[in-house]
Amino acid sequence: MDANTEIAPTALAEPAPVPEPPALAATGLGKRYGSVVALEGVSLTVAPGELVGLVGANGAGKSTLVKIACGLVRPTAGTVTICGAPAASREARRQLGYLAELFRFPGWSTASEILALHQRLAGSSGGQSERDELLELVGLSDVAGRRVEGMSKGMQQRLGIAQALVGEPKLLLLDEPTSALDPAGRRAIRALLLELRDRGIAVLINSHLLGELERVCDRVAILAHGKVVADGRPHELTQSGGVEIQTGTGTRRFPDAGREDIPRIVAGLVADGVDIYEVSVVRSTLEDAYLQVVGPE
Amino acid sequence: MTATLIIARHVLQESVRRRVFAVVLLLTVLFLALFVLASVKAFGAPSQFQIGPQNLIGPTQLTAATSVTLLSLGAFASLFLATVLAVFLTLGAIRGDAERGLLQPLVVRPLGRRELLLGRFAGAAAVCIVYIVGLYAAVLLIVHQTGGHWPDHIVGPGLALVAAITILVAMSLLGSVFLSATANGIAMFMLYGAGLVAGLLASIGATLGTQTVLTIAHDIEIALPFEGFYSAALHALGSNQTGFARVIVNIGPFGSSNAGSTAFDFWGVFYLAVIAVVATVGFERRDL
Numbered sequence: 001m002d003a004n005t006e007i008a009p010t011a012l013a014e015p016a017p018v019p020e021p022p023a024l025a026a027t028g029l030g031k032r033y034g035s036v037v038a039l040e041g042v043s044l045t046v047a048p049g050e051l052v053g054l055v056g057a058n059g060a061g062k063s064t065l066v067k068i069a070c071g072l073v074r075p076t077a078g079t080v081t082i083c084g085a086p087a088a089s090r091e092a093r094r095q096l097g098y099l100a101e102l103f104r105f106p107g108w109s110t111a112s113e114i115l116a117l118h119q120r121l122a123g124s125s126g127g128q129s130e131r132d133e134l135l136e137l138v139g140l141s142d143v144a145g146r147r148v149e150g151m152s153k154g155m156q157q158r159l160g161i162a163q164a165l166v167g168e169p170k171l172l173l174l175d176e177p178t179s180a181l182d183p184a185g186r187r188a189i190r191a192l193l194l195e196l197r198d199r200g201i202a203v204l205i206n207s208h209l210l211g212e213l214e215r216v217c218d219r220v221a222i223l224a225h226g227k228v229v230a231d232g233r234p235h236e237l238t239q240s241g242g243v244e245i246q247t248g249t250g251t252r253r254f255p256d257a258g259r260e261d262i263p264r265i266v267a268g269l270v271a272d273g274v275d276i277y278e279v280s281v282v283r284s285t286l287e288d289a290y291l292q293v294v295g296p297e
Numbered sequence: 001m002t003a004t005l006i007i008a009r010h011v012l013q014e015s016v017r018r019r020v021f022a023v024v025l026l027l028t029v030l031f032l033a034l035f036v037l038a039s040v041k042a043f044g045a046p047s048q049f050q051i052g053p054q055n056l057i058g059p060t061q062l063t064a065a066t067s068v069t070l071l072s073l074g075a076f077a078s079l080f081l082a083t084v085l086a087v088f089l090t091l092g093a094i095r096g097d098a099e100r101g102l103l104q105p106l107v108v109r110p111l112g113r114r115e116l117l118l119g120r121f122a123g124a125a126a127v128c129i130v131y132i133v134g135l136y137a138a139v140l141l142i143v144h145q146t147g148g149h150w151p152d153h154i155v156g157p158g159l160a161l162v163a164a165i166t167i168l169v170a171m172s173l174l175g176s177v178f179l180s181a182t183a184n185g186i187a188m189f190m191l192y193g194a195g196l197v198a199g200l201l202a203s204i205g206a207t208l209g210t211q212t213v214l215t216i217a218h219d220i221e222i223a224l225p226f227e228g229f230y231s232a233a234l235h236a237l238g239s240n241q242t243g244f245a246r247v248i249v250n251i252g253p254f255g256s257s258n259a260g261s262t263a264f265d266f267w268g269v270f271y272l273a274v275i276a277v278v279a280t281v282g283f284e285r286r287d288l
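Note that the protein sequences, when read in sequence, are chains A and B. In this text, residue positions in the first sequence follow our numbering: the first is 1, and each later residue adds one. In this text, residue positions in the second sequence follow our numbering: the first is 1, and each later residue adds one.
Just so you know, the hints here were simulated from the structure itself, not pulled from any lab data. A few of these clues could be false.
To be verified - Residues from chain B that face chain A, not an exhaustive set, calculated with beta carbons under 8 Å: (1) 10; (2) 17; (3) 100; (4) 101; (5) 104; (6) 105; (7) 106; (8) 107; (9) 108; (10) 109; (11) 110; (12) 111; (13) 288.
Stated by the list, open to error - Where chain B lies over chain A, by a calculated footprint (3+ residues, C-beta under 8 Å): (14) 88-98; (15) 188-199.
By construction, the Cβ of each residue, glycine as well, lies at the ideal position given by its N, Cα and C atoms.
Just chain B, same shape as in the assembly:
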């Protein structure tokens, strides 16, 4: 077994056996229970969600809009909870663990620092990907069971969420090389918040047709590509909406005009590669 796989396995064990995992699982169960309740209520009385004159959206469209809103809410929650997990798994992976004396016994073993970093990334990313895919699948099932609706695109949004959480894991691991655990945790949630704000800006800019706002949002998405993948997931989940229902979805907090692109996918890969290089060089130059 290579050193990378040994470390990844160690991270997987750590993820499952630390108390933080139990807390995340508890929060997840709580979220899913509330989500079931919200879905039952929403589909039970969709007219309560009527916005504007009755004749603008028909009952079918209204049900579809309700489904999309719930799915988007589910995607948001999935990414948020997975981000919490990702940050807690990685915020102190390098500098924090070095300060606590956890890292030194491992680093002196005959494995490269690059392999150790890669192993930590692989382990944390695997846990977070399994988690977000599981949560996303649960959200899809709940909406289907309560509202009888499947989105037109299932795999695409799921992959976009996987890409988003993978980038967030890499960003948090990079931060752990240079920042203390507390500083890294704070920085990660601020960046996550900045990404969400960019998404909202993009929705507002697209609805109002304001190019400047769209440009700002686009620039932030380039700098924080997890947001680009997340908004592409939202866009794909709501792609079957038409007419006034589409407008309602788009101007809501979960609207998105970002359809994603192959070029952006490549940017995401390149972004991960840059993070890998910077983190590796930073780690190899660090005295422990």
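Isolated chain A, as found in the complex:
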């Protein structure tokens, strides 16, 4: 090559960054327990930093899906990867934190000791500062030295969440994390989930509390009879129910109208001399969407 030959600009450019693999990618996942089909052809992706809700009736396969992702249950078909590593591999388990639906910690150990044990197992070098931060995050700083047997169920649940966060996981799998919490505890967990998302931690959360999922999740997947029957952003899953206007003579409904129709409708009513007190856009809830897809069962 001639020394004066110009090198093409593309050759000098830095290589394009390798796209980060999904935090969780399930493809064609199946699980059978004898003749019972728990999962069939489930494909689901959780992007890095995404907060995804998983809903479904009891026995729909939600916990089975999460357990396969954790390596607790072996699939009979399909694959799951965690941050690009096959589920159940050590590399995959280094990337995840897990809170089981039914879990317990040894009653004889303290909150701090449990976190220390999980730090050692996860290879975390966070030490005391990580334990303090996690206990602070879940509101258990005051009971770090208390034995688990002396804690309420709600406190144990929060300790479980702290345990799942040991080692700064990239993916958090939470199976019914708010089931034992009072309303204040649930609100705290919602705030925590949003903070985790801000930190770039992907979360897959199982819950029957659809209202909570609707508030915090980027995306919701609905499972029924072992299959994903709906998957989308909460506002995509819910439907417009029209516009409701409170007038001096009662409530008027415009079922086919949307948000963009409100100025026109209001102007028409005012022109007709109607007093208007309140205008609202009606949307179906995630619960409505869920019942529509799954049925009352």
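Guided by the hints, dock chain B onto chain A, whose structure is given.
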């Protein structure tokens, strides 16, 4: 620190801090107190233990026979109490803990199930070995202090008891992979009882010279080698007995004609290896 050692340390902490350990310690103190009392009484009036005509056993032999009986009783109690501890430490280690939700948070961490199993075994075995060695040493000291007698073999029987309890820990851990905690506990004590019956059969067969009974006892000892090691310990403790005193010891509940062998030691090691493989494969295939 490797994952196995982390789990073993966790098991050690659990062993010491659970209430069951306090109960075992209390029972141990109670047993040792009763054993001191029995030893003082036995050596204080050895003639009360005379069996048969006075001239068959001399006073020295009688004292030695009394010592051997007490030592054997101590070995039996040591193994029994250590077995209780071993079973309670391991009966629910896998399936039981999985059913209670204790296991899942640990298994999802980046450690292999094999390491978790090995860690649980190492922790439980360490506790039980320290316990049985301590109890055996206490029994030796009590008999020496009250009767002035040391057995001819001290280390050999101790090692045999260690081998026996190690096998029992492994068996209980294996059972915990497949059985619920309650079923495993019941199964372990039934197997322990079957082993003791085999030992009694062997004593009877040897005394009466009945080959069929000896064969049955031998087959059970192969299947449950903890009994083989236990009876080898009893045999070594009574090996200095001669004449009619030896007959008395042998036909008693703590008699043993099993001198143990290197081949049986190897069988014990092989048996542990088979348990390790079966338990690991069973655990790795289990959905939690």
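Hint check against the structure, violated hint numbers in rising order: 15
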